[in-house]
Amino acid sequence: MEEEAVDRVSPMFWGLFSVGGFLVALLLPVFIVMNSLAYPFHLIPADHVTFDGARAFLAGAPLQDGPLSVLAPWLAKLFLVVLVGGCLFHGMHRLKYVLEDFGEAEMKRVLDPVMYGIAAAGTIAAAFLAFSFP
Amino acid sequence: MALRTAPRPAPAKPAPAPKAAPAAVPVAPMPATKALSLPATPTPGVKTTKLRVFRYRPERSDEPFYQEYTIPYHDDMVVLDALNYIKDRVDPTLTFRWSCRMGICGSCGMNVDGTPELTCSTYLKDLKKVPCVVEPLAGFPVLKDLVVDVEPFMRKLESVKPYLIRAEEKPLERGEYRQTPDQVEVYRQQSMCIHCMLCYAACPVYAHDPRFVGPAASALALRYELDSRDQGSAERLAAVATEHGIWQCTFVGECSVVCPKDVDPAGAIQQLKAMAATRLMRSVLLPLSSR
Amino acid sequence: MATETVRRPYVPHRSGWWWTRNRRTLLFQFRELSSVFVILYAFLVLWELWALRGGASSWSAFLAVWYSRPMIVLNIVILAFVVLHAGTWFLLTTRVPLFRIHGRPPPAALVVGGMIAVWAVLSFLVLRFLYGVV
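Protein sequence lines, in the order shown, are assigned to chains A, B and C.
Using our numbering, the letters of the first sequence map in sequence onto residues 1 to 134.
Using our numbering, the letters of the second sequence map in sequence onto residues 135 to 425.
Using our numbering, the letters of the third sequence map in sequence onto residues 426 to 559.
Certain hints may be false.
[To be verified] Here chain C is said to cover these stretches of chain A; the calculated rule only asks that three of the stretch's residues, wherever they fall, bring their Cβ under 8 Å from a Cβ of chain C:
#1 18–24
#2 28–40
#3 58–66
#4 79–93
#5 96–102
#6 122–134
No lab work stands behind these hints: they were computed from the structure.
Glycine included, each C-beta is placed from N, C-alpha and C at the ideal position.
Could you put together the complete structure from these sequences and hints?
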C-alpha cells in the first residue's frame, strides 16, 4: 500500500474542534440561558437588558468594585470571543463532516477552506465587535 | 523459531495391570450430530425455518440476487449451522467462509438481518425476523455469494507496522523485555482483535470511502503504541495520522458496538487522534525535543 | 505478485441516509446536527454585538426581535441541542482515558461526574463574575 503523507492540518482543526467542544458543553448552556432566556422567563430584572445594562455587562460591571477589577474591561469581551470562536470552529468541523458524508469524497477540497474560513472570519468579527466597546 | 524435529521415541512398554481393577463408569453413548440426523427435505413434525441468502455468481450475471431456502430447524442452531446445512444438503454451490465455528478465527463474518455478525455465534432463535437475511459483510466488494475481498484489509493491517519497533534492540544475553500485569493491561483490550472485519462492515465512513484505514487497523496501531516495549511512536503515528487514516473518523461508534471481542476500536481511534495531535503540538512548540 | 484473475467484484453502494437505520446512528446524526444550532447561536451573538454597537435605537429594535416568541422558541431548541451535545460529549470523552489505574481507564461515571462538576463550577463563576447574579 502506497504511503500517504502525514496530515499536519487535520490535527490542528481537530484540536480546535475538541477545545470548542468543551467550551460549548461547559459554558454555552449558562450563556444561552442568561443571554436569551433569563429575562423573558423573569429570572433577571430589566436593567440587565437595557442599552446601558448590556454595555455594563461588556465593561465587566460585576468585577469593577472587587479585587478582580483589573480584569473588568477584558473578561466579558474575552469570554464572548472565546465562546464564539469555540462554537464556530467546533460546529464547522462537525458540519463539514456531515456535508462530506452526504456528498462525494472530492467535496473536501472545496468545503474545508470555505467552512474553516467562515469560522475564522466569525471569530475575528467577534473580536473586532467585542473590543470596539470601552 | 526453527522447528527441531526430535527422533521419534520408541513405543513405551504397556503398564502393568493394577492389582484391583476400578469399577467401570457407565458412559452415555455420543448423540448423533443434530445436523446430519435431520432429513434433507422438510418432513411433517420437524420445525423449519427460512433463510434469504445473497447470491452473486459473476460468471453468470452482473447482478446479484437473493435465494430463499427452507430448512429444518432446532433451537440451538446458529446461522453458520444453517448455511452449512444448505451447502451440505440443499445447494452445494453456496459459497462462504468459515473455520473455527467458535468465535475466535474471525472468518465467518457476514451481515445478518442488516447487522454485521459472526455467523458461528448468532443463534437463529435470537433473530427477530423470518426469513433471516444473510448478506456479505457490508462495504466490501463481493467476489462470490457471501465471500468478500479481504486483500485491502490485509494491506491496511500491514501498513500500521504491527510489530515492536525498538530504537535499540536489547542483546539476547540481557534477557527478555519484561512487563508487569499493569503494563499488559494497558494494551490488552486492543490485542483481543480477531480481524473479523465486522467493524469495517459497520463503519459508514468506510462504506463511503474504502481508502479509510478503518477501525481494526487503527486498534492494532494503538495496541503497539500502548505496549511499553515499543519505541516506534514516530513511525507508527506517521502511518495512521494521514488524510485517510484516523482523521477521517467521525466517532460514529458503530464499530465498537458490533465488535465481538470488545476491542473498542472507536475509542482507540480517538486515543490515536489525541496522541497524534499532542505530538504535533509538541513538535511545533518544542522543536528541539528529540521525540 | 497476484496472478491474472477474472474476478468481477460486485461493489455495494452506501446510501447517504445510512444513519436512519437504527436508533444509535439516528442519535449520532442528531448529535452531529447540533453543530448547526451551535453555529447559529454564534452568529446570533455576532448580530447582538452589532446591534449594541449601533446605538440605543438599534438596540431597542434588536430587543423587540430578540425577545419575540419565535426567537425564544428557537433559543430553547438551540439550548436543547447544546445539552444533547454536552451529554454526548461527556460520554465520548470517557473513551479517551487521561490516566490509567492499574492499566485500566477510570470508571466512566467518575469521569462524567467530574465533567458535570466542572460545568457547575464554571456556570457559577459566569453567573457571579460576568453577570453579578448569585
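### Violating hint indices (sorted, rising)
The structure breaks none of the hints.
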